[in-house]
Structures are given as C-alpha cells and as structure tokens.
Amino acid sequence: MKKWSLLTLVGADQSGIVAAVTRELADADCKLGETSMMRMGGNFSMMLRVEHDSLNLSDLLNDVCQKLKLHFHVDDDVDGVSMVIEPDVNITVYGADRSGIVAEVAGVLANAGLNIIDLETAMAGTEDKPIYIMTIEGQATQGVDALNEAAKTITDGIELNIIPIQTLRA
Amino acid sequence: MAVLEIICYPDDRLKQESESVEAFDQSLKDFVADLEETRLAGPGAVGIAAPQVGLSKRIAIVDVSTLKKPVDNHGYLLMINPEITKWEGMEKGREGCLSVPDFTGNVIRAEKINIRFQNTEGEWTEFESQGYEARAIQHEMDHLDGMLFLDRLVSRRTDLFQRKVYKN
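Chains A and B, in that order, are what the protein sequence lines are. Per this note's numbering, the very first residue in the first sequence carries number 1; after that it's consecutive. Per this note's numbering, the very first residue in the second sequence carries number 171; after that it's consecutive.
Wrong hints could be hidden among the right ones.
Stated by the list, open to error - Below 30 Å or equal to it, Euclidean Cα-Cα: the simulated DSS-like pairs (lysine-lysine) are:
| no. | chain 1 | residue 1 | chain 2 | residue 2 |
| --- | --- | --- | --- | --- |
| 1 | B | 256 | B | 185 |
| 2 | B | 238 | A | 152 |
| 3 | B | 239 | A | 152 |
| 4 | A | 152 | B | 262 |
| 5 | B | 185 | A | 31 |
| 6 | B | 199 | B | 262 |
| 7 | B | 282 | B | 238 |
Quick caveat, the hints were computed from the structure, so don't treat them as lab data.
Throw the hints in and build the complete structure from the sequences for me.
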C-alpha cells in the first residue's frame, strides 16, 4: 500500500548529501513530494515528503546516513494530501540582532491573523554590530490592514515591511 | 463562440515558438473571440495566449482592468504579433499559469515596457505599460516564444528584500 512519510535528515555539510540520499530513495521506487533542503550554518538539513510502498525507510537509509554522518527521523505524514496554500503577503523584518525578534514579530502577527507559510532568517552585519534578517511569506487571514495595525506595536529598532502579494494568473 | 481546451505542460506545444499572424481575416476574429471566452472561463485569469489552446500563432490577450485591487491598465488588450520595444527596471512578483495548474512562483520581470502590436485589422498600436499589466504582457509574450514562467523562476532567496517603492 502506498503511503507518505516525512523524512528529516541533518548533519555536517559536505558535497554529495542530496545525491546520495535521493539516489537511495529513487532506487527503492520512492517518489518525492515537496522538499526543503538547505545549508544552515555548517550543517545541511533536509526535509522530504516521500511516497513509498510501505517500506521501512529507517532500514533503507541506515547505511547511507551512517556513511554521511546524518541524523535522520521518519514520521508518518500527518496529511498525505499535498495541499498548496497560496501566500498573499510578503513580510520582511530586520534589526540589530538580539534574542526574541522572531518570537516578538511572530507573536504579534499571529494575533493579527498571520498564517506563516514560509519563514527564513539570516544573520548578517559585522561581528560587533550584528543584524538579524527575516523574510516571511504567509496568509493574512484577517487581511493585510490588520497586520499593518498590529505591526505598530512592535518594538522600536525592528524594521518591518508588509507587502501584499498580488499573484498574476494568466 | 466556444471555450477551448487549455493545454498544460508537459505538452510539447507550449515549448514551441509561435508563428506570426499573416492573415487578418474572419477566422482570426472568430479565434480571438473563442480565446477571450476561454480566458474568462479560467479562474481569475488576466491573460491568455494562443499556444495555451494549442494554436502556435502570435496572439495573446491581457486584461487587468477587473482586479479586486485596481492597478494601472489599458483595459482589454488583444495583441497580435506583439513586440516589446523597450524594457526598464526589474521587479519580483508571484505568477501562476493556466497551463501549469497548482503552482505559483516568483519571477523577475521588467517594471516598465513599451509594447507594440496589431489588432484584428492589422493596425499597429504602441504604448507604455507598467507594473502588473506589464508583468501580464511579458508572461503572455513568453508563451509566444515557447517559454513558461517556470523557465524564469527565481529562488525565494533571490532579492531578499523587495525595494521599497517611493512615491512622490
């Protein structure tokens, strides 16, 4: 029986991780759905939705993960259906780095109806004056005006731009 | 009048370069009417190009005049043998396509263009278009050259910060 699993892998970055892991999956007739793979610091992280014939993915990936020194984890996909949610708002945030920026911004915006679809953050600036940068794509379930209103309560020193996304359909 | 079938990638016809329209006759007018009816049947489609219904001819329609959030526009545009004669600026925006269901992605397009095209009588018009309408025109013109917005996708990391638009 076909089923979907969610696979998470992480380890020190080196070239060939994606090739080795996905080759193992392909040779076992696993089909990939949405994936997200990226370098984070000196690590490489992968999350993959995988459709397979009720295989034991832990057994399947054990050897390749040992060889590449990857930790991995297999979850049953909580919802086997691929449901695309369209973002309708793009939010960029930056400020002098300190702890709590993501928590504050996400908290304020969540209360104003933001459903985060995609969030990325980065550290930049110089060592003595680091800055923190965040980009969010999301759904403004209570409208963009509600987000703009809520954003006024965010602490001084955090710059926040809320830009509606008007998707072209043609 | 008829709603035509929209062809979807991976149909090869979407990757072909279309031929110029030479005959400005009744059959062209009939086809244009069907193409517009097909566009209107597509959910919220602001444009359509002949290759999307399997005709490899340089014909496209754009109409961004009925958006919920209004944008600068020139109304209903039927463009035969369109050419872009000038490009200016770059802007990232999200696009989807009737021929690529269930996916939208970010694409960089010129912010402002000069466009010239013929009508069903063969008469030429030229004007400047910008923003969302210019994006729609560029999207449709790509179809005429066998290009899809998938050919122009940019990583979500590209242009991390959209430039603020300063209005005087």
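Handout entry: Broken hints, by number
Key = Per hint list: single violation, 6.
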